[in-house]
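Following the hints, position chain Y against chain E.
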Amino acid sequence: MLTITLNGREVPAEKGETIFEVAHREGVYIPTLCHHGGLEPGSVCRLCLVEVTDGRRSRLVTACSYPIMKSGLVVQTDTEQIARDRRVIIELLLARCPENEALREIAGVMGIADSRFKPGKTAEQCILCGLCERVCEHAVRVGGISRSDRGVHRRIGGPFGDPPPGCTGCAACAHVCPTGAIEVTVADRVLKLQPWGAEVEMAACVECGALFAPRAAIEAAAAKLAVRPEYVSVCYDCRRGKHGRDLSKTVRAARP
Amino acid sequence: MSATVTVTTLSDFRALQERARERRAALKHVVSVCGGTGCRAAGSLAVYEAFQQAIAAAGLDDAVVRFTGCHGFCERGPAVLVGDQEYFYGRLKPEDVAEVVQRTLIEGEPVAALLYRDAASKQRIPLARDVPFYAKQQRLALRYNGLIDPCDIEDFIAVGGYEALAQALSGMTPEQVLQAVEASGLRGRGGGGFPTGRKWRSAAEQPEPIRYVICNGDEGDPGAFMDEGIMEGNPHGVLEGLMLGGYAIGARQGYIYVRYEYPLAMRHLQEAIDAAREYGFLGADILGSDFDFDIEIVRGGGAFVCGESSALLASIEGDAGEPRPKYIHMAEEGLWGKPTVLNNVETWVNVPEIIRNGPEWFKSIGTEGSAGTKVFSVVGKVKHTGLVEVPMGMTIRELIYDVCGGVAGDRPYKGVQTGGPSGGVIPEEHLDLSIDFDSLWEVGSMMGSGGLIVMDDRTCMVEVARYFTEFLSEESCGKCVPCREGLWQMLGLLTDITQGRGSMEQIALLEELAEVLADASLCALGSTAANPVMSTLRYFRDEYEEHINAGRCRAGVCKALTTFAIDPETCTGCHACVKVCPVDCISGQAKGKHEINTDVCVRCGLCRDTCRFEAINVV
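Residue numbers (my numbering), protein chains in the order written: chain E, 1 to 256; chain Y, 1 to 619.
Chain E with its partners taken away, still in its complex shape (with noise of 0.2 Å):
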């Protein structure tokens, strides 16, 4: 077990955690628009910004990526200065988003209420986290939607902006998002993942007939679980819910 410095406070580490472990176990907040506790670190907000002096020499580092390696690190989560950089750093962002209502939020708790920069031409959704793309590459493993092209047009979705080959509709992209920017929704038994363009059909319980999740969702978790399809081809309000303790002798029968 490590010991380092936290805003003053002897705090334990383990080796390898991260700072932005630590801090989040300490309970000390460090603002993050593009980490998400299951993924890698993605380092990409740059809001997670704290000053690390190690000995003699102090830098700025990204606490999500930051690894702990030894004991005597004095970790300084709210200086002037990083207070500064993640001000102008939201502002950037709202120059692209100026109509999000998430990003708003968070600039508001931060006590800007505007951006000193022109907003862009287009107004964005979505700042390039990269939670999306990580999430369904990484957790889901499809990996359907990437990143093309670079700098300000840098943009990310299917290949060559076709909808997401793979895509099972579950959505996990839109869980993630910080900002909102992917729409679900679902109509004629058909759920739409946007932007991407994504149609994927949805299955209807078999007890009830509800719509309850879509289809290539279902089967991808079946396969994962290695279940014969009819054991997730329940609701959930059937399976836990309403009609509780009789579970349904599809399911039972399916039980692996």
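Please note that the accuracy of each hint is not assured.
As the list claims (entries may be wrong) - Capping the alpha-carbon separation at 30 Å, the derived lysine-lysine pairs in DSBU-like fashion look like this:
1) Y:136 to Y:122
2) Y:383 to Y:579
3) Y:93 to Y:383
4) Y:559 to Y:579
5) Y:559 to E:121
6) E:118 to Y:559
7) E:70 to Y:326
8) Y:338 to E:15
9) E:70 to Y:93
10) E:192 to E:224
11) Y:326 to E:15
12) Y:136 to Y:338
Unchecked claim - Pulled from the structure, derived: some chain E residues nowhere near chain Y, Cβ distances all over 10 Å:
13) 2
14) 27
15) 29
16) 53
17) 154
18) 158
19) 175
20) 180
21) 185
22) 207
23) 208
24) 239
What the hints assert, rightly or not - Derived DEER-like restraints, expressed as beta-carbon distance ranges:
25) Y:299 to E:204: 50 to 60 Å
26) E:211 to Y:328: 44 to 54 Å
27) Y:327 to E:221: 54 to 64 Å
28) Y:264 to E:160: 27 to 37 Å
29) E:160 to Y:60: 58 to 68 Å
30) Y:500 to E:3: 42 to 52 Å
31) Y:575 to E:98: 49 to 59 Å
32) Y:277 to E:184: 51 to 61 Å
Since the hints were derived computationally from the structure, they do not count as laboratory data.
From the three backbone atoms N, C-alpha and C, an ideal C-beta is built for every residue, glycine too.
For chain Y alone, coordinates are given in the frame of chain E:
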């Protein structure tokens, strides 16, 4: 060429060396035609062929025409050296070749009319070594450029190639090679200036037995072509450096990452690798030792950011060439998670010379903190553009005025951009600054890989900052927010200033943004991207303020802020400006007073550049 020999022992190598030397010595009449990309564009291939024909016609059987690597004197291309004494002919045309062969190659006399004419002394200078451009240079990295046929391995061996490898494998332990590099004081030539030996040491000390050495040939700075010149002109030298590095740190595999836009460098390197494998310099049990090593070329991804170390690794691994967030050194976890040493082309090519001549010899060149020489590509408003290699510690003034002939058109010097788009501008007050890693850092620039862009009084410093920011904004991979959005906004602010929409608040915002970029960017592209803005603001702040407050661009570059006028006192009425004006906005009779109609003028500046009397100026 004689039949291939496979060199499996040290004595095989000595025999090959002897044979190659004899073969080279037997050639009495030598012509070296520059085959660098610049001279090829200027028509050196036709000159090369003309020499071959002229020599065949003259019936010389002990003559050779070598199509060599870049000679450096690009401004005088096609550059040709004739005879053992190296008579220098610049801008040679195929029709002059027959005369040069007869008079110089056969009779040993220079052709006076074709010789280099020194602007200062107005004298014709016959020999290359007396031409000021060459006289003050000291060539280590470019040692074989102009001397050998880069695609002939035996030519390379004849002049001392693979000698360092033979010495190392037969008489030195890896530790001794490593110590020699440490003791030499060699620092990374790619820009950072990190001590090469220390980098090697930390990789060599890793417990992991699989290690890699990589050569970074992804040279991308605008106006920089040092590494291109080395890879094209001395590909075996790069391979030999990598082999020695591999031996020292215990790597069995090397990679050369070559910029996508360098097809000739790639071809020469591939031919060199093929030949080295055939002769046994690459492969198993090299020269009878137990050292196994091979090298592979990886063609770059066509993006500037791939020159950044973590992006380069990602690109070799087959991923998109984008930097990765890593706080663990490459020497510990690099390519495929293995200990890796990544050095620039020029760094690698210096290594054989250090081993061959000893670290003390290398340390005696250059300055205390920066040993050795540095290759620069000098471009912009300078008389002699080209590749120059000088000992560290030479002043910028010596380099620009003594070696490169001074500012083009003898105009006043304004600044020189060192270190490419990530470097900074060095103003006149620092002209006597010594060129070494530390001095350049102190004045807010950096050595970078060695691009030098010379600027005169007709260069607008705000526009310079805008140009580099635009370049970097386009080359930003877009992964992290400060670099992607910050450079884009910075470009917008600078564009506003150059187009007359600037305000003083924008300068304050520029400065704040520049600091955030340096603090918060993911990789070195972003964290150094604001250097052009910072350094021009530091030394040329008055120009920014003049753009904003007076609505005037003194250099006459920013069209919205420029008005040209003809000074009636100085105008001689020569009429030259009238002839070049593309919109016919200059009125006046020959020998009479001329005037510019500013309503029609498009501010192209052609009239000003044409006027020999400095009569046309910015008001």
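Hints, one by one, checked against the model:
For the given pair, residue 136 of chain Y sits about 19 Å from residue 122 of chain Y by alpha-carbon distance, which is consistent with the 30 Å threshold. Only pairs whose Cα atoms come within 30 Å are accepted, and residue 383 of chain Y paired with residue 579 of chain Y is accepted, the gap being roughly 26 Å. Our distance criterion of 30 Å between C-alpha atoms is met by residue 93 of chain Y and residue 383 of chain Y, whose separation comes to about 21 Å. Taking the CA atoms of residue 559 of chain Y and residue 579 of chain Y, the gap is about 21 Å. The hint holds against a cut of 30 Å.
This hinted pair checks out: residue 559 of chain Y and residue 121 of chain E have alpha carbons roughly 25 Å apart, not beyond 30 Å. Taking the CA atoms of residue 118 of chain E and residue 559 of chain Y, the gap is near 23 Å; set against the 30 Å cutoff, the hint holds. A distance of roughly 16 Å separates the Cα atoms of residue 70 of chain E and residue 326 of chain Y; the hinted pair therefore holds under the 30 Å criterion. Pair hint residue 338 of chain Y plus residue 15 of chain E holds up; C-alpha atoms about 20 Å apart against a cutoff of 30 Å.
Between the alpha carbons of residue 70 of chain E and residue 93 of chain Y the distance comes to roughly 67 Å, so the proposed pair goes past 30 Å and is violated. For the hint pairing residue 192 of chain E with residue 224 of chain E, the CA-to-CA distance comes to about 23 Å; that is within 30 Å, so the pair holds. The straight-line distance between the Cα atoms of residue 326 of chain Y and residue 15 of chain E is roughly 16 Å, inside the 30 Å bound, and the hint therefore holds. A hinted pair counts as satisfied when its Cα atoms are at most 30 Å apart, and residue 136 of chain Y with residue 338 of chain Y does not qualify at roughly 43 Å.
Against chain Y, the non-interface label of residue 2 of chain E holds: every CB pair exceeds 10 Å, the least being about 15 Å. Every CB of chain Y is more than 10 Å from the CB of residue 27 of chain E (nearest about 24 Å), matching its label as outside the interface. With a least CB separation of 18 Å from chain Y, residue 29 of chain E remains clear of the 10 Å interface cut-off, as annotated. With a minimum CB-CB distance of about 14 Å to chain Y, residue 53 of chain E clears the 10 Å threshold, and the non-interface call stands.
Consistency note on residue 154 of chain E: stated as away from chain Y, yet its beta-carbon is not over 10 Å from all of that chain's, at 3 Å minimum. Once the 10 Å rule is applied to beta carbons, residue 158 of chain E is consistent with being away from chain Y; the minimum gap is 16 Å. Non-interface status of residue 175 of chain E relative to chain Y is upheld: no Cβ of that chain comes within 10 Å, the nearest being about 22 Å off. The non-interface label for residue 180 of chain E is consistent with chain Y: the shortest C-beta to C-beta separation is roughly 18 Å, beyond 10 Å.
Remark: the non-interface label on residue 185 of chain E is consistent with the geometry, its nearest Cβ contact in chain Y lying 29 Å away (cut-off 10 Å). No Cβ of chain Y approaches the Cβ of residue 207 of chain E within 10 Å, the least distance being about 45 Å, so the stated non-interface status holds. At the 10 Å boundary, the C-beta of residue 208 of chain E stays outside the reach of chain Y, the nearest C-beta of that chain being 46 Å off. Once the 10 Å rule is applied to beta carbons, residue 239 of chain E is consistent with being away from chain Y; the minimum gap is 41 Å.
The hint said 50 to 60 Å for the Cβ distance between residue 299 of chain Y and residue 204 of chain E, and at roughly 52 Å that hint holds. Judged by the Cβ atoms, the range 44 to 54 Å given for residue 211 of chain E and residue 328 of chain Y holds: they are separated by roughly 48 Å. Taking the beta carbon of each, residue 327 of chain Y and residue 221 of chain E are about 36 Å apart, not inside 54 to 64 Å as hinted. In this structure the supplied range 27 to 37 Å holds for residue 264 of chain Y paired with residue 160 of chain E, their Cβ-Cβ distance being about 33 Å.
Between residue 160 of chain E and residue 60 of chain Y, the C-beta spacing of about 60 Å keeps the proposed range 58 to 68 Å intact. Distance hint check: the CB atoms of residue 500 of chain Y and residue 3 of chain E are about 58 Å apart, inconsistent with the given range 42 to 52 Å. Separated by about 56 Å at the C-beta atoms, residue 575 of chain Y and residue 98 of chain E satisfy the suggested range of 49 to 59 Å. At roughly 56 Å, the beta-carbon separation of residue 277 of chain Y and residue 184 of chain E lies within the given 51 to 61 Å, and the hint holds.
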